[in-house]
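> The chain contents come next:
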Amino acid sequence: MPANILMPALSPTMEKGNLAKWLKKEGDKVSSGDVLAEIETDKATMEVEAVDEGILAKIVVPEGTADVPVNELIAVIASDGEDPKAVAASAGTGGAAAAPAKSEAPKAEPPKKTEPPQDAPASAPAEAKASPAPQPVAQPQPAGKPAAGEGGRVFASPLARRLAREGGLDIAAIQGSGPHGRIVERDVKAALVGGTAKAAPAQPAAAQAAAPAPAPEAALATGPSDEAVKKLFEPGSYEEVPHDQMRKIIARRLVESKQTVPHFYLTVDCELDALLALREQINKAAPTDKDGKPAYKISVNDFVIKALALALMRVPEANVAWTESVMLKFKQADVGVAVSIPGGLITPVVRKAETKSLSTISNEMKDYAARARTRKLKPEEYQGGSTAVSNLGMFGIKDFAAVINPPHATILAVGAGEKRVVVKNDAPAIATIMSVTLSTDHRAVDGALGAELISAFKQLIENPMGMLV
Amino acid sequence: MADQYDIIVIGGGPGGYVAAIRAAQLGFKTAVVEREHLGGICLNWGCIPTKALLRSAEIYHYATHAKDYGLVLEGTIRPDPAAVVKRSRGVSTQLNNGVAFLMKKNKIDVIWGQATVTKPGEIVVKDAAKPRDGTAAAPKGTKGAGTYAAKHIIVATGARPRVLPGLEPDGKLVWTYFEAMVPETMPKSLLVVGSGAIGIEFASFYRTLGAEVTVVEVLPQILPVEDAEIAALARKRFEKQGIKVMTGAKVTKLDKKADSVTATIDDGKGGTQSLTVDRVISAVGVVGNVENLGLEALGVTLDRGTIKTDGFGKTSVAGIYAIGDVAGPPMLAHKAEHEGVICVEAIKGLHPHAMDKLMIPGCTYCHPQIASVGLTEAKAKEAGYDIRVGRFPFIGNGKAIALGEPDGLVKTIFDRKTGKLLGAHMVGAEVTELIQGFVIAMNLETTEEELINAVFPHPTLSEMMHESVMDAYGRVIHT
Chain C
46 MPANILMPAL SPTMEKGNLA KWLKKEGDKV SSGDVLAEIE TDKATMEVEA VDEGILAKIV
106 VPEGTADVPV NELIAVIASD GEDPKAVAAS AGTGGAAAAP AKSEAPKAEP PKKTEPPQDA
166 PASAPAEAKA SPAPQPVAQP QPAGKPAAGE GGRVFASPLA RRLAREGGLD IAAIQGSGPH
226 GRIVERDVKA ALVGGTAKAA PAQPAAAQAA APAPAPEAAL ATGPSDEAVK KLFEPGSYEE
286 VPHDQMRKII ARRLVESKQT VPHFYLTVDC ELDALLALRE QINKAAPTDK DGKPAYKISV
346 NDFVIKALAL ALMRVPEANV AWTESVMLKF KQADVGVAVS IPGGLITPVV RKAETKSLST
406 ISNEMKDYAA RARTRKLKPE EYQGGSTAVS NLGMFGIKDF AAVINPPHAT ILAVGAGEKR
466 VVVKNDAPAI ATIMSVTLST DHRAVDGALG AELISAFKQL IENPMGMLV
Chain Y
106 MADQYDIIVI GGGPGGYVAA IRAAQLGFKT AVVEREHLGG ICLNWGCIPT KALLRSAEIY
166 HYATHAKDYG LVLEGTIRPD PAAVVKRSRG VSTQLNNGVA FLMKKNKIDV IWGQATVTKP
226 GEIVVKDAAK PRDGTAAAPK GTKGAGTYAA KHIIVATGAR PRVLPGLEPD GKLVWTYFEA
286 MVPETMPKSL LVVGSGAIGI EFASFYRTLG AEVTVVEVLP QILPVEDAEI AALARKRFEK
346 QGIKVMTGAK VTKLDKKADS VTATIDDGKG GTQSLTVDRV ISAVGVVGNV ENLGLEALGV
406 TLDRGTIKTD GFGKTSVAGI YAIGDVAGPP MLAHKAEHEG VICVEAIKGL HPHAMDKLMI
466 PGCTYCHPQI ASVGLTEAKA KEAGYDIRVG RFPFIGNGKA IALGEPDGLV KTIFDRKTGK
526 LLGAHMVGAE VTELIQGFVI AMNLETTEEE LINAVFPHPT LSEMMHESVM DAYGRVIHT
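Residue numbers (this note's numbering), protein chains in the order written: chain C, 46 to 514; chain Y, 106 to 584.
One thing to keep in mind: the hints can contain errors.
DSS-like mimics (lysine-lysine), calculated; alpha carbons at most 27 Å apart, straight line [to be verified]:
no., chain 1, residue 1, chain 2, residue 2
1, Y, Lys134, Y, Lys210
2, Y, Lys156, Y, Lys341
3, C, Lys234, Y, Lys522
4, Y, Lys484, C, Lys234
5, C, Lys503, C, Lys293
6, Y, Lys256, C, Lys130
7, Y, Lys486, Y, Lys419
8, Y, Lys293, C, Lys423
9, Y, Lys245, Y, Lys293
10, C, Lys423, C, Lys411
11, Y, Lys486, C, Lys374
12, C, Lys234, C, Lys376
13, Y, Lys134, C, Lys74
14, C, Lys130, C, Lys329
15, C, Lys130, Y, Lys134
16, Y, Lys462, C, Lys234
17, C, Lys69, C, Lys130
18, Y, Lys172, Y, Lys504
19, Y, Lys210, Y, Lys172
20, Y, Lys245, Y, Lys210
21, C, Lys464, C, Lys397
22, C, Lys66, C, Lys374
23, Y, Lys486, C, Lys234
24, C, Lys376, C, Lys423
25, C, Lys74, Y, Lys256
No wet-lab data here; the hints were simulated from the structure.
I would like the entire structure built from these sequences, with the hints used as guidance.
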């Protein structure tokens with residue numbers, strides 16, 4: 046019996062991905078465990094492995110295809126003794142019972158938004174343009190309307206429609222997970238919790254078709270339209286660089302964060318001299334291998350990760366994530382660390398950082414950073430966590446405030462350690478000072494609690510021996 | 106060389122044989138192992154033959170109440186137990202043959218005997234013990250004892266009556282549903298221990314045919330899984346029919362005589378009573394058949410006497426799956442069937458949705474019938490919902506009056522915030538046939554709006570479903 050290869054979901058929230066590359070050709074023999082293809086999502090590249098043996102009979106989705114919905118048929122493997130040609134033929138026609146999703150099911154993507162229907166004089170985009178409203182939802186569209194222009198129908202359950210309407214979400218922008226891609230209660234609830242309507246990225250076709258604005262990101266107020274922005278610049282004075290998936294995700298998530306998470310900021314100065322002295326001592330003591338390479342080299346940032354993790358354990362009320370119904374209170378400190386990579390950034394998570402030694406954290410971060418640059422991090426390596434560290438000290442930044450990466454409740458922005466004149470015992474003195482600013486989700490962590498967390502952090506940084514025991 | 110299959114299903118009950126048919130539809134080479142009866146307990150000793158018995162009781166009830174409908178029926182009307190049982194067995198036999206036919210039609214091999222999973226991918230089948238009713242050993246066209254291999258093994262071995270210490274069935278005086286289904290004579294008096302669906306159905310059957318029936322339930326409410334209001338209404342009807350109901354009570358001792366049993370009952374209020382009856386039915390629930398399958402040796406994780414699965418039948422051991430009663434409650438045939446289907450579809454890689462156990466309806470075929478789906482009022486409140494409750498009594502429905510069935514209630518429970526239908530509970534004539542309307546409504550995620558806007562046919566009992574919804578929103582017409 047032929048085996049269908051479906052677009053895998055690399056993470057629970059993944060809806061579509063790009064088929065980057067086929068590593069096998071039609072007609073190739075495959076055995077269980079062979080890598081068939083590479084799938085690329087916003088932040089990672091993953092390999093699709095064969096589970097069955099046989100001949101790769103047909104590649105349904107060619108390489109380089111973007112936005113392939115999860116569970117879409119991408120290839121068919123003919124098992125031993127089957128005629129690959131026959132298998133390929135039946136897969137091609139979709140006639141095989143084995144490939145139901147292919148021909149019958151409407152694609153689980155929302156209908157294309159082209160021009161608004163004539164009788165609806167573009168009011169939604171126009172108004173959105175006039176007032177970049179602070180309201181999360183400027184223009185909830187009546188359910189079904191967006192599709193009306195094409196005579197299509199948005200398939201959604203009545204309950205889903207009502208929840209979307211009451212939550213101010215554009216039902217058409219939500220991806221359905223029900224039968225034939227029907228939008229059901231859980232999809233709307235997920236979109237409500239996620240703070241977005243999981244809006245599909247604006248389709249390039251729509252943008253070119255002189256639509257007044259790209260499809261609005263449903264739950265969020267939209268900025269000025271592309272055309273409005275471009276009008277401000279002389280044609281030819283700029284180059285248009287299309288957004289890649291990571292850029293879109295960063296844009297979406299950070300807009301979502303700033304619009305749905307009430308941020309406030311707490312800044313403290315930490316004296317670093319004791320930590321720097323300890324660090325030198327530790328690094329000097331590192332055993333070396335036969336090439337003279339030390340087994341570890343602890344950075345200030347490794348101390349910061351460890352200190353933040355321990356601070357979270359000392360102030361467990363701040364080790365949380367907000368959801369509408371409950372507060373998730375974590376038992377361990379998973380600290381995300383923003384890693385800058387070409388074209389964007391990614392935040393791998395050091396799990397249970399409170400239990401790990403500095404050298405373990407240091408080596409883990411080196412591995413994360415290396416794999417982040419080649420986009421080989423696995424989703425489980427960059428999802429979750431209750432806080433993150435963003436360090437721009439190496440660029441000489443004195444102090445800055447970072448945007449919380451939902452669902453985290455906090456993020457710590459770390460500036461450069463620099464010598465400053467401070468007052469000690471009523472006299473000027475020189476100390477190495479590092480300013481850090483904690484951005485806090487006020488829904489989850491109030492001012493005093495945030496202050497407690499950052500004080501605990503400062504205490505640990507300034508008395509770093511405490512982190513070694 | 107062992108016979109090689111894609112899927113072997115152990116157990117030919119409603120979960121197992123349906124899973125096998127779905128597997129065959131999806132192109133798997135499939136076999137079912139059965140040790141006793143195709144169709145399992147459901148078809149041979151449960152759902153189906155009891156419905157046949159209850160139908161006889163119902164007809165008897167109407168015949169004895171003919172004059173209520175303006176009919177004169179002269180002569181004696183009395184149940185003939187042997188004939189009633191014979192009809193019931195005949196119904197089972199007919200359906201049993203039907204399953205054999207379905208296996209053949211779908212080219213599913215039937216292997217006769219008792220299976221043990223020796224390792225993932227392999228089972229050994231031994232000759233089974235003699236079937237309960239002494240019918241043929243292996244039916245024609247089945248395979249016999251031997252070693253069989255399959256990529257996927259689905260355990261669908263069902264459940265059996267729970268045995269409580271002191272209440273051990275002996276097959277003569279203390280019955281389980283097996284004996285209660287084939288009485289040689291009608292007991293004049295009967296004690297039913299347990300008031301779940303099985304206990305209540307037998308209580309209703311034997312009472313209708315004239316026995317003095319006492320039901321003892323340890324919990325404060327009969328039909329413990331049902332909505333309290335519905336259960337209380339049902340209890341009133343049962344008591345009116347002459348069934349004696351004791352809740353919060355416990356049978357502590359059984360003294361067996363030659364042809365009678367004296368039970369000591371702790372009434373839960375500090376007193377004890379003694380009751381002498383011809384027969385006792387132990388209906389204190391069922392337990393999964395997890396034993397003698399070799400599962401423990403393979404490290405399959407069990408959970409409270411059932412096999413733990415991931416919602417798609419996968420157990421803790423790759424290649425071994427479990428569905429139906431043996432995979433945990435609710436132990437209902439329709440739940441088993443659905444689990445079988447999604448298990449096979451998941452094996453195929455079709456990405457079925459896991460079953461939402463809240464949307465599994467339950468039916469009890471006593472008189473009056475009980476049917477329900479979703480959360481009870483108490484459970485909905487417990488879950489933190491702010492609810493709207495709609496009620497419509499049978500007395501307000503034209504069809505119910507015309508049928509001469511004015512007793513009953515349709516109750517609906519909505520989430521006040523979203524209009525989501527959380528539960529529906531019914532007691533009264535034919536409600537087991539009505540409940541599917543609410544089941545579909547819940548599965549399609551309708552809100553009160555669509556239910557109110559739907560046109561229900563007149564005159565039908567289903568109009569009460571409509572009215573109950575309208576009542577929840579202050580729009581009821583006929584009360």
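> For each hint, tell me whether it holds in the structure or not.
Each hint, compared with the structure:
1. Of the supplied pair hints, the one linking lysine 134/Y and lysine 210/Y holds, its CA atoms being roughly 13 Å apart against a limit of 27 Å.
2. With a C-alpha separation of about 23 Å, the suggested pairing of lysine 156/Y with lysine 341/Y holds against the 27 Å cut-off.
3. Among the hinted pairs, lysine 234/C with lysine 522/Y is consistent with the structure: their alpha-carbon atoms are about 14 Å apart, no more than 27 Å.
4. A threshold of 27 Å between alpha carbons decides the hint, and for lysine 484/Y with lysine 234/C the separation of about 22 Å falls inside it, so the pair holds.
5. Taken as a hint, the lysine 503/C and lysine 293/C pair is broken in the structure, with Cα atoms around 35 Å apart against an allowance of 27 Å.
6. For the hint pairing lysine 256/Y with lysine 130/C, the CA-to-CA distance comes to about 26 Å; that is within 27 Å, so the pair holds.
7. In summary, the hint linking lysine 486/Y to lysine 419/Y is not supported, as the alpha carbons are separated by about 33 Å, beyond the 27 Å threshold.
8. The hinted pair formed by lysine 293/Y and lysine 423/C fails the criterion: a straight-line CA distance of about 71 Å is larger than 27 Å.
9. Restraint check: the Cα-Cα separation between lysine 245/Y and lysine 293/Y comes to about 41 Å, which exceeds 27 Å; the hinted pair is violated.
10. For the suggested pair lysine 423/C and lysine 411/C, the alpha carbons sit about 15 Å apart, so the restraint of at most 27 Å is met.
11. About 25 Å separates the Cα atoms of lysine 486/Y and lysine 374/C, which keeps this hinted pair within 27 Å; it holds.
12. Between lysine 234/C and lysine 376/C the alpha-carbon distance is near 26 Å, which keeps this suggested pair within the 27 Å criterion.
13. Between lysine 134/Y and lysine 74/C the CA atoms are separated by roughly 24 Å; this keeps the pair inside 27 Å, and the hint holds.
14. For the hint linking lysine 130/C to lysine 329/C, the alpha-carbon distance of about 65 Å lies beyond 27 Å, and the restraint is violated.
15. With a CA separation close to 22 Å, the supplied pair lysine 130/C and lysine 134/Y stays within the 27 Å bound.
16. Between the alpha carbons of lysine 462/Y and lysine 234/C the distance comes to roughly 19 Å, so the proposed pair stays at or under 27 Å and holds.
17. Restraint check for lysine 69/C and lysine 130/C: satisfied, since their Cα atoms lie roughly 16 Å apart, inside the 27 Å limit.
18. Proximity of lysine 172/Y to lysine 504/Y is assessed by CA-CA distance (about 19 Å); at most 27 Å being required, the pair is judged to hold.
19. Annotation: proposed proximity of lysine 210/Y to lysine 172/Y is violated, straight-line Cα distance about 48 Å (limit 27 Å).
20. Distance hint between lysine 245/Y and lysine 210/Y is fulfilled; the C-alpha atoms sit about 15 Å from each other, no more than 27 Å.
21. For the given pair, lysine 464/C sits about 32 Å from lysine 397/C by alpha-carbon distance, which is inconsistent with the 27 Å threshold.
22. Distance hint between lysine 66/C and lysine 374/C is unfulfilled; the C-alpha atoms sit about 41 Å from each other, more than 27 Å.
23. Of the supplied pair hints, the one linking lysine 486/Y and lysine 234/C holds, its CA atoms being roughly 21 Å apart against a limit of 27 Å.
24. Proposed proximity of lysine 376/C and lysine 423/C is supported: the alpha carbons are some 23 Å apart, at most 27 Å.
25. With a C-alpha separation of about 22 Å, the suggested pair lysine 74/C and lysine 256/Y falls inside the 27 Å cut-off, and the hint holds.
The structure does not agree with the numbered hints 5, 7, 8, 9, 14, 19, 21 and 22 stated previously, though it agrees with the rest.
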